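Protein chains in written order, with the numbering used here: chain A, 1 to 652; chain B, 1 to 313; chain C, 1 to 159.
No lab work stands behind these hints: they were computed from the structure. Please note that the accuracy of each hint is not assured.
[As the list claims (entries may be wrong)] The calculated DSSO-like cross-link candidates involving lysine-lysine, where the alpha carbons are at most 27 Å apart (straight line), are:
#, chain 1, residue 1, chain 2, residue 2
1, A, Lys-597, B, Lys-306
2, A, Lys-603, B, Lys-62
3, B, Lys-62, A, Lys-601
4, A, Lys-597, B, Lys-62
Only a predicted model underlies this, so the values are computations on that prediction, with no experimental measurement involved.
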Amino acid sequence: MRIGVFICECGTNIAATVMTQKVADAALALRDVYHSESIQYTCSDPGQRTVMAAVQKHNLDRVVIAACSPRMHETTFRRTVAKAGVNPFMMEMVNIREHCSWIHDDTDEATEKAIDLMAMGVAKVREEVPLFTSKVPVTSEVLVIGGGVAGIQAALDIADAGIPVTLVEREPTLGGNMARLDKTFPTLDCSSCILTPRMVEVKHNQDIRLIVNAEVEAVRGYIGNFEADIRKKATCVDEEKCTGCYICVEKCPSKAPDEFNAGVGESKAISIPLPQAVPLVASLRKEHCRRYIKGKCGVCEKVCPADAIDYEQEDRIFTDKFGAIVVATGYELFDWKTAYPNLGGGHYPDVITAMQYERMLSASGPTEGHIRRPSDGAEPRNIVFISCVGSRDESIGRPFCCNVGCMYLAKQAILTKEHIPDSQSYIFYMDMRAVGKDYEQFYRRAQRDAGAIYLRGRVGKIYPLDGKLMVMGADTLSGQQLEVAADLVVLATGFTASDGAAELAQRLNIPYDQFDFLSESHPKLRPVETTTGGIFLAGTCQGPKDIPDTVAQASAAAAKVIGLVSRDEMETSPMVAEVNHMRCIGCWKCIEVCPYKAIEKQKLRDGRQVAIIIESLCQGCGICNVACPPSVVSLRGYTDNQLISEVVEVLR
Amino acid sequence: MADLVTTIKQTLKDVELVLGWVRDPATGVAAPARFHTEEEAEAAVFDSTCVHNLAVHLPRLKGRRLGIVAKGCDARSVVELIIEHEAEREDLKVIGVGCGSILDVKKIWRRFGYGVEIDDRGDSLELGGERGPREDFLARKCHGCLEADPDIYDLFVGESAGGPAGEISGGREEPHPLSAMLEDLAPAERRAFWREQFSRCIRCYACREVCPMCFCRDICIMQTQVPHWAGGEVNARESEMIQHIRVSHLAGRCTGCGECERACPVGIPLMLLMDEQNRAIEDMFGYRAGDSLRARPPMQTFSIEKDLWGDEE
Amino acid sequence: MNGETDRADGGAVNATDADRADLKLVAFLCNWCSYAGADMAGTSRMLQPSQVRIIRLPCTGRMDPLLVLKAFQEGADGVLVSGCHPGDCHYNDGNYYARRRLELLKRMLAVRGIEPERFQYTWVSASEGARWADVVQAFTTDIESLGRLGATVAGGGGG
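Extracted from the complex, chain A is given alone in its bound form:
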């Protein structure tokens, strides 16, 4: 064992407080140290060359570099020693800058501490063994979960790079929530006009396989090598044959709720959610179909000119390999009724959600763009909008902002004035949040051009009176109680994570927050990554956001994915856990505590069952090392003996 110790002066950054030559001299007195020197700038080219030359001249097999934080230059110096023929993991960095010279002003104390830290590095490096990175092949195909605007954007961006994509959507069509919007703020672009072409692009892109009516049921494997089971649910319609002619929908005798239209209007048991659906095929919901409820009917089969109806169709499960996964499962709107009995709790038909209003505004919606009171079909004059229903309300355990309510209410007020010129909009709001590009101007436009009256305060109660809805609230600016007689009340309901988000997160082994929004790896620096390598987030599954932010995040996720899967193989860190199979007692505590499901049972030839580490899944946290009673699971680079030797050395 021949250790070399190099003390970096870092110009005067270290040398001004630490007597580096003294540290180098102290190193020579340590067992196994054959060379030491103080170098002015170790990370510079000449500095690195000095290290390499010393390694070769003194035939060193281990190196300690006392310099800045390993978080700064560990990779640099691993490369340096590797070039000189030393295993890169037999280089130990000691932090005598951030943790010493920069925080002490007494030269003697700082030097003494630097000597201790250096000696700990020497003690640790003695216990090191050569480690080797391994390479795993990367599957190039990518799985995108969710076909809303985020999933569409990510899929198209990835496919544009020539990488095959499988896009899985739970509903019968692409489009997600954005497809239900009439116009988008702040430009008042028609939502379908900008989204539909993207949906069609997905369908026609050679590199995208679109699977609708499908869910990801299980995911195995690890970065570069996932395997997913995708369940395609039976819809009684052969997608290959269906032409989307609508004849079955017209003739179907079974009525069904219209989820796409947020319950405004009615649908049929066999239906196509919207005329621009991609793919444009019908699907049958058995729970509403007379054939399945009463046992007789077969109208759709009889009328279908394409012979596409297949009542015997069963769920199918596809299993495929993917190199990376983008999760873009979107959001749902908060179900406000039980939480807000004071707003009528759903008992007044003329209290509707903003999404329902959106569907009314849409020319292709159930009312063909006419605003109608649900109760009597009359056109309303006074319309009250209430913001933050299920947002920023600690009393119901939903403290977060929905990010879009302020702006979509401004949009709806503007659109209302366009639809009904003599109408009056009132908007109850808590705070105006108009932080995006051109948003503030848009909000001003709602006030100035559309004449919307903004009232700052929460609504206390709604009650019916003489065919109107009396909305009682406080105007906290004037300090007065207000009562507005409304023909129609529109609620800006907040976002919730999409149904099943937490379960999906568990299947993917990625973290999620208390509201079931999926968690990014770092809120600032790793905003699209998850803590599980190879799984990325796009859009509102990660938290409420508007369309521009969603699309931006989707493109960012796509860029990360392209970077990952365009490589044929990738290196995995060798600083992961390993099991000494000879001594494993099979108590499985490591398996119980592993956050990555990176440990499995394996039967040896002698019949004993032992734990094995799946190296490409292991992230190197070391929880298992501590959980293992006989310490036969050990974390490479941080083994018990390495840490013990540091402790013993510093207290010597």
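Starting from the known structure of chain A, fit chains B and C onto it as the hints suggest.
What follows is chains B and C alone, placed relative to chain A:
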């Protein structure tokens, strides 16, 4: 005990061997035994000298079909071993015995001589012709237990105490006889106390060998170079370290059976450490090892909502 | 504690100045939060007492309670563990396991006669350089007021 013998014979039709006790002819007190045949089973006994926790043998016999005679306290170890994957419930036939508390044979022998005849009358003891109050010679672990039945068993022999150990004993942890003394010591005095206690340790590892939850056995890190937690020297310092290892590894596992302290040939009050840890664990996690087959060992899990230690700000 | 005035009268308080400089304090820091926080304190040139020696871990989930016991056995006067704030662990769960292990250890150290102040664990994020400097200062002050650990046991180590 015809009833016990019959039950063991019956169990042997279903299992490979049964763990129980026979009488040691040399001393007249019970000694652990393995019964493979009906003939062997004839010798089975159960009395108030059956102090040993036979669950200690289960990890090494894992995978074989076994019967085990278990007192209430022993059954707690069986439960804990099952949830720690060291024994399989399906492989086990637990023969529960009604236990009217166990004697501290060593204490009796120290007072009345090795091998003295012990005649347990239930309410009093005849010891080599002298009469002694039974209370004075109860095993330490029985204080606070009060005749408890096993929580799990397939067959039951003897007189039931009226309910499972966990329910009846409630206050199983009657404080260790030295706990009040320790309580009164200042930190430096406590360090000195332990240093003195461990200075007697001869590193025989009996504490480990009798412990049902010390299932690593011959690869125990008390004696390894990799990892090198403790040196091989026999001194107080290293002995303290090896007990640190044991205490640390038994966190959330120790059922308080008291075997380690009973087996210690130099009388180190090991249960004083275990009791304190068990109490801390109950206080922190509401967990008592051996209470339930459905429990999750507390050091193998966590609770984001309830674990709030260290959130000082 | 004011070192300047104590210097004159040597052993008048329970820790002399020489003792104070000799205090052996070990800190185990997770790589992702606290080690980076300590780096930040350095980058911000926040002066700190010099007795603490930092050992880097990938995660407090790797923090074996035995390391703390080993450190005390080897003569440490104080041991500090610092990791990511609960909920922020780089490995999702590491500090949750650590919290259970370390809190239990703290309670058991008291039974062994090691004052609870001698073993502390805390959470410092990568952005909390100032907090790290405060933690080091407070921890050092706590141990200074307790003095050397071995001094009260005859013979210190060895038996």
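Subject >> Unsatisfied constraints (hint numbers, rising) >> reply: none
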